[in-house]
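K.L.:
Sequence:
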Amino acid sequence: GFEEFPAELLDLAAGGGFQENFSAAGAFLNAEQFEFVFTVMAPLATEFQRNLFEQQLSDPEVLAAASLIGMGMSGVEDEGVLSFEELPDTADLGEGSTGASLVVLQEGETLAIDIVAFMRGDQSVVVMVMYAPDSEPQTSASGIARLVEERMAASSGG
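Residue numbers (our numbering): 9 to 166.
Please keep in mind that the hints were generated in silico from the structure rather than gathered at the bench.
Please note: incorrect hints may appear among the correct ones.
To be verified - For each label pair, taking beta carbons as the anchor points, the in silico distance ranges come out as: (1) 164 - 40: 34 to 40 angstroms; (2) 85 - 14: 33 to 39 angstroms; (3) 144 - 11: 17 to 23 angstroms.
A quick note: this is a predicted structure, and the numbers were derived from the prediction, not measured.
For every residue, glycine included, the Cβ atom is placed at its ideal position computed from N, Cα and C.
Take these sequences, add in the hints, and give me the full structure.
P.N.:
Dropping the structure here:
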């Protein structure tokens with residue numbers, strides 16, 4: 009089953025400063041059937057941050073590129089990206105949303121990545137599920153994103 013992945017390890021992997029950039033973050037690993045779930049919520053404190061995130065929400069390719077750059081790739085045209093497509097059933101979350109599904113080759117390993125991002129109020133939310141491409145993940149990025157969005161709506165009274 010899933011076990012929480014310590015935030016301190018995420019901080020080390022990101023080169024430090026990771027936790028200060030987010031209002032909430034969580035990661036869970038299912039080592040039995042490789043599946044990694046990562047969710048972050050970050051404030052959109054400036055107009056620039058909001059505009060940048062809205063660009064990602066307007067185009068799944070831009071969303072995917074932002075994640076791929078973090079993995080050392082140049083975007084969806086990178087030779088390490090084996091497939092890219094818009095993730096269905098992600099367009100109706102929050103005040104703007106999108107999703108992308110990728111299969112990448114990184115350091116000799118093939119990895120499937122589903123990403124869903126949405127905005128609610130002054131918060132950005134990104135959910136990522138990584139898994140072996142030949143397996144069926146136990147979770148879905150869109151399902152987790154819907155749950156987060158429902159809880160955000162309930163806590164804000166609507």
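K.L.:
Determine for every hint whether it applies to the structure shown.
P.N.:
Results for each hint:
| no. | hint | result |
| --- | --- | --- |
| 1 | 164 - 40: 34 to 40 angstroms | 37 angstroms, holds |
| 2 | 85 - 14: 33 to 39 angstroms | 34 angstroms, holds |
| 3 | 144 - 11: 17 to 23 angstroms | 20 angstroms, holds |
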